[in-house]
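Chemist: Those protein sequence lines, which keep their order, are chains Z and R. Under this note's numbering, think of the first position of the first sequence as -9, with each following residue one higher. Under this note's numbering, think of the first position of the second sequence as 570, with each following residue one higher.
None of these hints come from the bench; they were simulated from the model. All figures in this text were calculated on a predicted structure; none of them were measured in a lab. Using N, Cα and C, we set each Cβ at its ideal position, and we do this for glycine too. Heads up, a few of these hints could be off.
[As the list claims (entries may be wrong)] On the chain R side, residues computed to face chain Z include the following (Cβ under 8 Å):
#1 Ile888
#2 Leu939
#3 Leu942
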Amino acid sequence: MKLKFLAPVLTFLVIAAVMFYALFHLDPTEIPSELIDHKTPEFSLSAVPGYGESLSSADLKAGKITLLNVFASWCVACLAEHPVLMELKRQGKIEIYGLNYKDKPDAAAKWLSKHGNPYTRTGMDLKGRVGIDFGVYGVPETFIMGPDGTILDKIIGPIMEKDLKNKILPRIQENLG
Amino acid sequence: MTGELGQFGLVLALVVAILQGTIPLVAAARGNLPQMRFASSAALVQFLAVSLSFAALTIGYVGSDFTIVNVAGNSHSLKPMLYKISGVWGNHEGSLLLWAWILSLFGFAVALFGQQLPSSLKARVLAIQGLIGVGFLLFILFTSNPFERLDPAPFEGQGLNPLLQDPGLAFHPPFLYLGYVGLSVTFSFAIAALIEGKVDPAWARWVRPWTLAAWGFLTLGIALGSWWAYYELGWGGWWFWDPVENASFMPWLIATALLHSAIVVEKRDALKNWTILLAIIAFSFSLLGTFIVRSGVLNSVHAFATDPARGVFVLAFLIVVVGGSLSLYAVRAPQMKTGGLFAPISREGALVLNNLLLSTAAATVLLGTLYPLFLDAFSGEKVSVGPPFFNATFLPLAMPLVFALAFGPFLPWKRADLKGVFSRLKFATVFVFVTLGVTWWLVDDGPILAFVGMALFAWLLAAVAIEFASRIKLFQTNLAESWRRFKNLPRSVYGMTLAHLGVAMVILGITASEAWQSERLGVMMPGETVTVGGYDFTFEGAETAKGPNYDILRGTFRASQNGKPIVTLQPEQRVYQSPPMETTEAAIWPMLSADLYVVIGEEDGKGGHATRIYHKPFISWIWGGAIVMFIGGLFSLSDRRFRIGAANKKQQKNSSVKPAGAQS
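All chains, full assembly: derive it from the sequences and hints.
Modeler: Given below as structure tokens:
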């Protein structure tokens, strides 16, 4: 059999092999954020009604590692990661701040009372301006903030088991250590 | 209840597709005629079953039946009816169902219109269609069931992404799928030919209408998508070299090559293996597109919510179909008899050059699309390949393609005299210099590439005109004779002329709008006037209003030229509640010479509004050209030579002498 007739299928097999590998081992949503290693954008937002104090960029420079979780009552995937956040809150090893993204105050308050509040502080980003500064392009997203307000890492989409293990828990150890 | 009917339709279709994919194949090998005929009945039943299923989902959407997960997740009771219907295919599950429905429609069409096909070829083609159907129906039933129920049903649905609530996008996927899936017929013909070990001019004639139809739909689908990006995204861009755009562009390039190489098979009985390979690759690219969109291996604005199980399934399917057919090609193609010989400078030679350039272009697009994946796999580095790569690789291939395109139709088959062709194109050369002179006089500046683009436009336009004029002997004989020749030309000649004219129009649109666009971005106060591209735009003010399921911020701009009012433009910004999102509705005034394009943004707190105003010369010609190409395709499609059965009747005529006038 001549090579020229085999070439198409061989080319395809190489492509298929790489796609197979990509399917299981690569994650295209893991885009290194431009903002990583940058300081938090400056902002100040009032809290979801009935849920404590307001949230500003100063809170993210609290001298320890914190999480900034972007959530909304209209976001279905947020419900998926909610138990993870509640569990982190229960353990009390890391503070979680909630950035309520393009939501309605009443809807957000109702959502928090129904599903529980994992956040130390919340801030309502009604128009999504702060979200733009953080480069949020989907909800949920979670930013890991350094002690001095530097963005250390970013999780796009719901927090999964592997994010917890690879990204969040090591940071909590840093906090304790 | 309708949901269960839909589910039933899918299962029935699967069973029928399995039978359709096996029985006729065996029957064709054994020469069992009645069992071969079963393929046609199966294709009809499969079409009816999938239609039932598609109708059931549509009824679910129209009636806002939120007990169906798919409807609850993607629809909303307050959505306008058009978008309730387009919502059916605005999501992963529904779009797959649409795909399967169109696939069964094409299968049915082959059964219906292919009555003159040899029974064994028809049985095999329909069997391959059936097997492809099996793959898609399994995919739907096991990983993406659109009829899954939800209990308790939510009171209200979550709504469709507002960007997708748009007439352009409502029709973009159906046309694109008609194109993608249409290529499955060409693919089935190619596989059937490999099994039979026979490709001849009659085969090429049978395949050509399907390729033409698929190509036409792809052209229109791609054009609709880019038009949508142009007016909906609010940046005035119309092509982004996004992986999913590329996924639709690659099959288009290959289908274009296939259309031309099939002509050589038909007329000269040559390039057979190459044509078969193109037919396989064209459909492979369609499937690859599906994989890219639905597996999540590449990041794209178009990506559906992804699920690893789906990715695994599509990849497995891809390996079976593409790997299987290319292996079959490797085994069977070497035994295919090669046909007529030809000199490099000839019609055949020109079509080979066309094919080489088009497939190289498709290969570079593939390379650019998959490169990030390869790099990530081998080094873990993340890159995105953007327009600079594609412009740098695609344009150098497209330019000689267009240059040579002008020659092709002048060359006779077998052997040609290039000098003679050059002398016939003298006038085209003159026209190129005139065009360049006029362009220089009008704009007196611009990138070199833009002048190259204008030269190519003029060159192609003139060549197409000269070629057509010489066919009807315009100015060589009296007008009445020319008119008679004009009327008697085969439809496929109109088709070719129109399609090539469309290419020229697209070149003009791209060149002029990219090189000589003027824009002004900035805050404008009510009453303020700015001048962009020779037009004065006065911002009258902005108001708020309510739409059916969104709030509106609407600005009013008066455009005028030299004090003469042209048009009042009202761009909008829409704020949707479910899901919360903002969309821009650019106000566009399309003219032959340019589009005026105005976008309004939020208030700056001091009474001004962020505005973007563009003047885009000749940009409408891009889509106009695509439509002309599509119409060209329709003309070719209606050519009597390709009318189904024409080939067969002609053979009969040759074998048995018929009385005069009996010709169909």
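Chemist: Does each hint hold? Answer for all of them.
Modeler: Here is how each hint holds up against the structure:
no.	hint	verdict
1	Ile888	holds, 5 Å
2	Leu939	holds, 7 Å
3	Leu942	holds, 5 Å
Of the numbered hints listed earlier, not one is contradicted by the structure.
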